[in-house]
Structure formats: C-alpha cells, structure tokens
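For chain A, the structure is supplied; the task is to place chains B, C and D on it using the hints.
Protein chains: 4
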Amino acid sequence: MSSCFNGGITVSLFGESHGKGIGVVLDNLPSGEIIDLERIGAFMARRAPKKDGTSTTRSEKDIPEILSGLYEGKTTGTPLAAVIMNTDQHSGDYGNISHIARPAHADYTGFLRYDDANDPRGGGHFSGRITAPLCFAGAVCGQILEHQGITTGAHILSIKGISDEHFDPVNVTAEQLELVKSRPFPTLSEFTETEMREVINAARMDLNSVGGIVECAAVGFPAGIGSPMLDGLENIISRIVFAIPAVKGIEFGNGFGCADMFGSENNDEFTIKDGKVITKTNNHGGILGGISSGMPIIFRAAFKPTPSILRPQNSVDFKSMTEQELIIKGRHDPCVVPRAVPCVEAALNIALVSALLEDPRIRR
Amino acid sequence: MSSCFNGGITVSLFGESHGKGIGVVLDNLPSGEIIDLERIGAFMARRAPKKDGTSTTRSEKDIPEILSGLYEGKTTGTPLAAVIMNTDQHSGDYGNISHIARPAHADYTGFLRYDDANDPRGGGHFSGRITAPLCFAGAVCGQILEHQGITTGAHILSIKGISDEHFDPVNVTAEQLELVKSRPFPTLSEFTETEMREVINAARMDLNSVGGIVECAAVGFPAGIGSPMLDGLENIISRIVFAIPAVKGIEFGNGFGCADMFGSENNDEFTIKDGKVITKTNNHGGILGGISSGMPIIFRAAFKPTPSILRPQNSVDFKSMTEQELIIKGRHDPCVVPRAVPCVEAALNIALVSALLEDPRIRR
Amino acid sequence: MSSCFNGGITVSLFGESHGKGIGVVLDNLPSGEIIDLERIGAFMARRAPKKDGTSTTRSEKDIPEILSGLYEGKTTGTPLAAVIMNTDQHSGDYGNISHIARPAHADYTGFLRYDDANDPRGGGHFSGRITAPLCFAGAVCGQILEHQGITTGAHILSIKGISDEHFDPVNVTAEQLELVKSRPFPTLSEFTETEMREVINAARMDLNSVGGIVECAAVGFPAGIGSPMLDGLENIISRIVFAIPAVKGIEFGNGFGCADMFGSENNDEFTIKDGKVITKTNNHGGILGGISSGMPIIFRAAFKPTPSILRPQNSVDFKSMTEQELIIKGRHDPCVVPRAVPCVEAALNIALVSALLEDPRIRR
Amino acid sequence: MSSCFNGGITVSLFGESHGKGIGVVLDNLPSGEIIDLERIGAFMARRAPKKDGTSTTRSEKDIPEILSGLYEGKTTGTPLAAVIMNTDQHSGDYGNISHIARPAHADYTGFLRYDDANDPRGGGHFSGRITAPLCFAGAVCGQILEHQGITTGAHILSIKGISDEHFDPVNVTAEQLELVKSRPFPTLSEFTETEMREVINAARMDLNSVGGIVECAAVGFPAGIGSPMLDGLENIISRIVFAIPAVKGIEFGNGFGCADMFGSENNDEFTIKDGKVITKTNNHGGILGGISSGMPIIFRAAFKPTPSILRPQNSVDFKSMTEQELIIKGRHDPCVVPRAVPCVEAALNIALVSALLEDPRIRR
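Chains as they are written, first to last, in the working numbering: chain A, 60 to 423; chain B, 60 to 423; chain C, 60 to 423; chain D, 60 to 423.
For reference, chain A alone in the conformation it holds in the complex (with noise of 0.2 angstroms):
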C-alpha cells in the first residue's frame, strides 16, 4: 500500500492537488467519542495558507464534510470518512512544466513510478495538499487523546539559523502547548517570530525559500505503552511524520546530539516523586526500548526549505531527454515550516492513538 497506514487504527488518505476532492478515511476508531467540529475547524486552520506573506495565496476553505462515521456528535465506531473538495484551481499556471522535473519535487520520480499516468497537476497525490486529511485525521485522534488526559503539540524550533527556544522536556506543561497552539505564528518566544518572519519574507523578495525545524511534545500520555522492535513509538511516530512532504529527518530526545555525548551525561536517572517513577532529565525523549517511560514524548523533524521557487532553474524535460531551464509559476509558501506545525502534531497524534488501540490495556 502507500498512502494508508494500519496500526490500531487505519488511516487511508485520498486525493491530488487539483483532482475534484481530497479526503481520508480512519477505521478502527473507538466509538462513542465525542468530536467538537469547531475545533477541528480550528485545528485545521492552522495549517490553512495564510495572508501575512508566510505562505501561498491559495485560498482554500479546505472545510471537510464528514460523510460517516459520527452520529449525534459522536464516533460510531464505523469508518469516518472526511471529504474536501477542491474548489479554488489555478491549473493553468501549471500547464507549461508538466514534463520539466521541477528540482526537489517529486515529478520525475512520480513519472517513473506510475509509467507517466499519475495526474502532474499541482504535484497530484505529491501535493502537499494532502496533509490537510491528514491534519483532519489528526485532529479528530487529537480529541480522542484529551480524553485521555493527553495534549500534544508542537512549535518551530528553528528556520534558517534563527532558534527559538526548546521545550523543557522534564517540565513542559499542556497549558504551554495549548498555549502555542493559540499564536498565529507558533513560536514559544514572540522576539524569534519576528526574526523568523523577516527570513521568510527576505527569502520571498529574494524568490528563495527557507527550510526549518519543528519540535513536538506530548504530555499525559501513560508510561508503558509501545511495543520492542519494529512497533515501537519511535517506529510508529517516524513512518507517519515521513508522510508530510518535506520532512527529512526525525529525532527523539536528545537525538543527532547523543552522538556528542558519555553515557554518564545522556543516561536519565530514574527518582521517585509524589509516588511517580520518573526520570530526573529528560535526554531519552519520553521513549525507552520503543516504550513510553510517562515523561514527556518529546521529538524534532526537519524540513527542507519549499523546492519551488521563483528564479530559473536547469534541469531536464524528461519526455522529450532535453535539458531546458524551468522557470516555476503559481503560488507557493516561501517556507513551508509554520503551515507544518499542525501537520506533525497530527501525525503524532495519530500515531498514539493507534499505540493506545494496540496496548493490550488501555479501553473503555
């Protein structure tokens, strides 16, 4: 398979960029939950293009119509199913680039994996535009780990070389994720956004992009959930968080800096505190042996900076075996890093749904 994912739920994505609609069907979902559609609504706004030259001018109301699945506000248990339609198409501005492989975009691998019948429009299936079901699935299972007791969410740690600050990963509390999650441009710090806009919009002027780093956390998820090997959350977490386009690379807790590091300095200490076995710091990022420790889950993915920009670019018509320079219209985010805040909080928050479902404990 390739755009369905089966753990303790299943998540089946659908749709291209310009195609008639886009949508996801999740199975195995628990029944009897609750969904707040307003939040959803706002979940995914989130991810929406947005008008302070951050992102593309695509204006989509990206509003999805469920077409199953909740009944009387709550999950029947049966498969929901979430459709958008497309409805705001500029294909023409595509037309001329079909067969001149756009550099850093999946046309020409697409072109040979699917024998030059997958639909090039707008990148298709490839279109980042699919992480919309995607964000949709992730924040329905959102709702379904609060009821748990569990928050999740994320921030840009860093574009281009400007930081913001890390999460605590002993201390970070739901209130700080709720409150991210509330900023229009979600940073912990209000000085680096300005920073981080400034780089963005040079970029921009420049017809450039710029690529960044977004960290993720979750709070009040129960010690002892995950499974050894193959299954475990880092297992789980990375196969769907390598579903956004963009993301290339993931790491938990400490990550690429154990490299650095002695045992000594990255080895977290267990302690006993108000009754609770928890660790004195944190470099473990809440997962040991693919095992949830009851700290906080705490992860960073990196993204590329947008492959389309503005300026003349060589590359090759791969129909006709010509090199030709390719000069990219249409609309694009300059950088993709704040639109992607909501899409990795939704890919976690999928994939400790399906971890929950697949604990042989945790039910109603």
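Keep in mind the hints are simulated off the structure, nothing from the lab. Any given hint might turn out to be false.
Just so you know, same-sequence chains aren't split out, so a pair can sit in one copy or run between any two.
Unchecked claim - Computed cross-link-like contacts, DMTMM-like style, restricted to lysine to aspartate or glutamate with a CA-CA straight-line distance of at most 25 angstroms:
| hint | residue 1 | residue 2 |
| --- | --- | --- |
| 1 | Lys339 | Asp319 |
| 2 | Lys339 | Glu382 |
| 3 | Lys339 | Asp227 |
| 4 | Lys79 | Glu124 |
| 5 | Lys133 | Asp418 |
| 6 | Lys388 | Glu328 |
| 7 | Lys335 | Asp174 |
| 8 | Lys339 | Glu257 |
| 9 | Lys240 | Glu97 |
| 10 | Lys332 | Asp376 |
| 11 | Lys388 | Glu249 |
| 12 | Lys110 | Glu328 |
Only chains B, C and D this time, still in chain A's reference frame:
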C-alpha cells in the same frame, strides 16, 4: 504486532537474550535466489563482539541454523527460518538488578508494558542481541539486492566528536561500499579509526560509554521504486532502523542540515549524463516524494551512548518503589556504533527488498 | 481494522445506510489502467434495486462520484476514491425499532460492539447498502482483470429449492459469463428464472423471505498465482465474500460434496491439451494448495433469507431489557440473492487483482 | 505474505515436510498467561498419526521446543517461538514422483508459483505436516481462551455418508466439548465411530481415500466481539481454516442449508433468560454482522478425500511435458478428517484470540 515487519516481505524476529534461542522467519522472499552461507557468516561476523576492547567480551558463535526455506542453495520462496541457539549465557550477572531500573534501558518500561511477565535476564527481548537475527535477515536481503546490481554499505561517521569523511553523495561507488565492509573498524579514513578507538578506550577506562553516527548508502537502486505518503522509502527505512536499540534519530540526504539552507542551495538540479537523468548534487539523498531517484540513497542514524556503564548510578527499584543506588555488572560495549554498522545496513537491505517486491514491475 | 482489506491492493469501505454518503478508497491499484465509467455504471445497476417485485422499492441512483485516482480516463496509481451520496433516505421508517433487536440482524451485536454509539438507522454500517461501494471496487478490478484476459461472472444457482444448472467446471467460457451478466435475472436457464421469480413473489405475498446460493467463476486466470497456507486464493476470496451481509457459507470446487466422495472420484487427473497442462475434471475448483491451476476458478456462496420480514416476530428491547413484539416496516428485498450476484463477483474481482499484485511476476 | 496471519496476534508458520525443522512464531500474545506444556502436548497428540489404521504410519514425536516467549511458565508478551525438528524423514519414497504432478496435490501449482525452486520432498511447505505448528499455536491460544472462560471443541460430523449427531447449537456445553476431545476417535456417538472406522478401513484396503466434515464450536465467548464487513468473525475464521490443507468449504450456523429456508424459519427470535439476551434457536451460528451474539459459535469445514491414493493414476510430468502414469508410494492417511479435528479447533482458537485482542475492551 511488535517484532514483525510486513511489507513486500515479512520479517518476524524472536528471542530473548538469555532464553534458549533467537531467530527470524522471512516470508514472501522471491524463490530461486542463490544464497551464499559463507558470506552470510561474514556479514554476521561484522556484528559479533570484537576482541579489540571496543565491545563486550561475551563470545557468542552466533552461527544461524537454517531450518526451512533454503533448498539446494536457493530460496524456496516459502518461509525461511533461521535459529541461533544461545550458548554463552551468564545470567547470574544480572541477578541483582532485576528490579532496579537501569537508566536509559527498557527495564522499567518493559516491566510496565508486560506487567512484570517479560524475561528480565539481560534485557530479554529488548537486548541488542536480537540484532543478530536482524543482521541475518539483512544479509539474505543483501544478496538478493546484489542479484539486481544493488550494493549497500555503511561506515562510522562520528563518535563523540571525532568525524570520519562523508560518503560522496553523488559519486559513491559499490567498490567503496565493499571496501569499508572489509575493514575491522569501519571508517572511510584510517586516521579517524585511530582517534575513535582512543575515544572509545578512554571511555571504557573511565567506566563510561560514547555515542555516534552511522552513515549508510545504496548504489545501483533503480529509479521509480517507492510510494508517496505512508509507504515511501523514508517511511520504511526509518521504521526498520528504529528497531535497532539505541537509535535516536535518522536523516536522509541533507537531513537536519536543511534547516539552515535556502531552496536555491538545497534543490538538486537535474541534468542528463550518458543518456540518463541524474541530479548534479544529491541533497535529497536519492529519495524524492518517497520514491527513488536513481541517485545514491544516503541516510544517517544517530546512536546514543551505551546505557550500561559501570559507574554507580542513582535509580529506583520499581517493585519496592524505593530509590536505590545501582551498580551494573556484566560485559558491555563502551560504544555500540562499530557493531551497529552492519545492523543499519541490514535494516536498509530489508527495506529495499521490501520496496522492490511491493513495486508492480520489478520481477523475475 | 474492520472495513479495510489489505493485500496486493487496499480497499477501505465506509458509510452508513442513512448517513450523508458511502464510498470506498482503493489504494495500490496499478497505474495506467483504462477505466470505462459506463461499464462501471452497468455493473452497479445489476446490484441496484429492481422494479420487478424481487427487491426493495427504495430507489437510489447510486452513481458514484470519483474524487481522485482517475486522470484522463486512466488510473493514476494513487488512491482512487469514490463517493455515493445518500439521497433517498426514509429514516422515519426505522424510528420505532431502534432498540428492539430485529432477528438475524446485527442490531443487538452492533449495540454491544459499539456501546450504543453506532448509527442504528437502517442498519447503519451493517446495511447491505455498503455493498454498493464494494461493487464499485469490484467493477474497477473487473476491468483490470479484463486487461489481462481474465473474465469473471456469477449466477443464481438456487433459491429455496429451485436449482439452476451449474457452470461446466471444465468448459465454462468467458462468453457464457458475459451472457448471464446481461440477463435481468441472472440464471443460466430461463425456465429456472420463472420458477424462482414465483418462489420469491410467493414469499413476498406471504410477508416472508427466501435464501439461496450464488455460483461464481473466473476464466483466463493464469496458473501459479496465490500462496500456500494463509494467503491462498481460497483464504482471500472467502475473507472478502464474507464481507457481503447474509453470506453464511462458501465452498470451492466440489466443496461440501467432497465429504461423500472417494479420492479416486475427487482427484482430478492431469493431462496435456494444446501443449498446456490441464485437468480432465475440475473438482478442485481451479485452486490447489491455495494456488491457481489454470482451470476455471469455481466457488459457491450461501445466502440466508432476508432477515427483514413483515410478519410480527418476538424479540427483545435490549435497552429496557424487556421482551417485545416486533413489527418491521420499511422496504426490503424478499430475497437478496439476485442483487447479491454482482456482489459476489465484485468480491472475487478484488481478491484476484490483489493476488495478481502480490505475485512476484505479473507486472507491466 | 503467505504463511503469516496478522490480526490481534501474528502467527508466522514455517517449515517443509522433509527440511530440518518446522515451527511457528506467535507475536503480540498477552503477557502473563500461564501455559501448561503437558496439555499443549496432549492437544498435539490428537493431531499426531494414530496406530489404528486410520492414518499414516509415519511416526513423528512432534514435541515442540519453545525457544522464546515463555518465562517461568508464563507468556512474556514478546514473540513466542516453537520449533519441531524433523526426525523421521523417508525422503527416498518421494524420489520418483518429483516432477509428475500428484492429482489434487500442489506439486504442479507449487512448481509454477515458485519457478521450480520450492522443496518438492513430501510436498515441502504444502505438506499437512505444517499443521503441527498450527496446532501448537492453537493449543496456546486455547489456554488463553480458557482463562477467559471460553471453551472450544470439534468432532467428526461425517465421513463418506456416515453422519454423527450435530452439536446442539443452543445447548452445547463446555463439558461436551471437553469430552469429545478425550475420545481417541472424536465423534459424539460411539456407534458412528464404528461405522466410520469401517468406511476408512475399507477405503484403505481398496487403495482409496475418503473425505468428510468437521463441526466446531465455541462456548463462553462473550457477545459483542468482532466487526462488520472485512474483519468479522466469519472472515477471520474462514481465512485461517482454509490454511488447513484439504479444506474446500466452510459454513456457519445453517450455512448452505439457508438456501432452502424461509426467513420465518431461519430468523432466530430473541428472548431473555436469566437476565441475559439470548436467541431461542441458533441458526446464525453465534455470529450476526460479523460480531458474536453470545450464543455458541458453530461452523463446519468440508475436507476433500486424501489426494494420495496408492492406485495408479494418469498424470503429467510437468518438466518433460509428457503424460505419465503415476504410482504414489509412501505413507498416507486414508482419511485426514480424524486428525483434522484439532486443526480446525486450532484455527478457531487463533481466530478468537485475535478477535478478542482487536476488540477495544477485553483486556487485563
């Protein structure tokens, strides 16, 4: 599930560190693939403990016995099962720590996950020893890849601040990948080896341990293999790589480096060389939209320092719920990275064979 | 999971009888397959209610809208999603029975399974209406099979003691399978049709219902496809056929008839005809060891009488836990078998495409 | 995949009839389940060849060695692997038939499927011998079911026209199910046993074989377990039962008998007994809409006559493509049905544990 990977092939790992045996079942392998058992043994020897002070002194023969799936030197296409009987067990060494959580180990999380029924001796199923059958599976898959003209390899990129050269992401060759496999300490540069050995030995003398980074590559992998979204090459590779205990991060191509780059720097321009579409640079690590581009596949995995250090550590007895000082005994690698190199390669081999078999075209 | 099939292809069904819409997502289809939408419509029309007294008078247009996965008349290879909006809903008819269990229906078991949160209107996700997207999926798969020279078809073998002829298990042809599809009442013999219609009408007049058997066949399916043990053709076909509500049995080739036979009678001797290995008889139904033999695939599925009968029945209100008399209203088929014929065919089509794609050789 | 079942638990079977060993890996079992190895042995002894003329004279000890997953008598929750080494191999017996297709066997289809690379000795992976690890897995699952108050059992319902009594579908008890397990020839009626033995012996003397039907039941299984559509109890049970070689049909409750019934006859009316909802009759076989109703689960599986008969048969050498007379030697059961009884039970046990673990509520 937990210790079972299901894709184009199925890999079911089993075993506990101090149980009767460990092993793996590989299902859905192509039939008729010639398997050279001596070279399987050579692959596994690269993972086996060394007598050079960099690893544990536990000496396991680790010769897998193949029970099924191989007939007259070729895969039958029906399940291939291999078993390694445990012979050199010093369970006594672990007697006194069974309920005091070793920091950075899965003792406490495993206790919670399995309600105190899991085998605690030597880490049980969480033991790094389960990477032996993973390597067996990877060695078998590596030979299947070779039959398709694909070569994979890995080296130690860094240990505690000492860095090896990188693979040349555009020009790395099969010969280079084979060469580093033949080295007793798998670095590209011999100078690096000396420095790294010193760092590891110093840590060992200091009753400490160190982490590091493994870089891994594949050349000859055909373009157009993989899928967008949830079953892309990055999703599958990362899912399997995180099955290796101690991995805390993974990145493809430029990975986390993307965060500090402009699109104009990171985008790899396409060109034509010898009638083939290639990219001039390979910041994308050979994967675009989850699908291979035909360029070398390049990724890096970060390993935490070995959790088992011989210094006293503060911890908790999670059965009596009391704080305790912990003294770890037993035999432990001061750095897992050298032995992790073939494990990372094995994970890649499994992922690539799986992806090839899921593709609708690669076939006999 | 529950409403999602994962094999060589993935099929995710969704929807409730009286919800907004029903549909299906097909993932991992081969790309570039030409799909004729008119013929999809013709396939689905065979399942639609008839105005001849044999079925419910509910009239759904059941025209599926394809949202993704089809571009310029061909499959893109990325997920194909189709939605049927519900338009002719008479939910009121069901108001008074919501907590009185209709015998032989899933009201009570669904109530328990979903803790009273499932949509009870018209059976919700348990409704036979969900076979409409199943037929859509089967119709798409049927066209993919045709491109490989494979034809499937089915007919009513028996209804309440009235038996049609059997397919000739050795000599059934694609033409015969096509012919029976064109008949408004799919029997091989026209005489049988008259008798069966009488039995159904008599049951309807008597406020009763009747069951029956559907026989299904595939010709042109290549030999050597399938697998032993758990993913054989019989395993896959039976798993999908039991997704059709009201199926209570399935048998391949001689099926239950085997119980009364000697090996010397049941064994199909091999011979050579036109340079090809065939069997002289086809008691094995085209499948040996889970793998196709090249002979026609033949199986039969047993359907129970429609549970909804308009006679008073004794039952239980499972919320108040009181015994109650039940009077079912609404529109119901006195016999589901005629409309089930394309459903069984659809199940076979999905199973065969899945098996072809799981095989290591059948490819573009 | 082929020999791997993935649901609430994962079952990976492996081995070839004349290879080194056969076995199974069970993943995702609940931890802490006490397993009585003597009773596992007793279960497997029911499948082992008998010395009473009804089965092959091959004598395998078939004592499984457990390599992992069991610690201090309890499941660890990590993969449970069991191996049976092959000891009594007479490969010579099969030497002369390796390329002449045995009618009703998978020699020819296996040859095609695996391109002549599969192990042909004694049927290789297609051998009925692989039901030994299936029975091991079923025996383990049976003990897990018992811990939940669930009992399963099966008996020979018919052999070549001789019929045993049916289980009483409403009132069958755990005691009756246990009783039939203790009988050397598992029929409900002792008279039937004598007649069936005569039929089998007559077939053996006549160098022939006979088929039959096994009836299987579960009592104590909680109501509300299972799912509609593709992962219902019928789907899962049938998928696993068809893994038993020689099964050609399965039916639940009234099964094929439904075809001749009126709805008014087949519908099971609900009533209340001892404060519990039950049905007065059990034509539905304990499953409605894929979900358990709380009534006994009842199904029947049809077995074809043993393909290996000692009479000359016409066949084809599929390598030389010539017609040949075939004389089968070796040791073969004249009827597989008596030994198939525990296999069917094992399949049910695996299916029921899997369904329990997929349910969101049944947990420790």
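Of the numbered hints stated earlier in the document, which are not met by this structure? 8, 11 and 12
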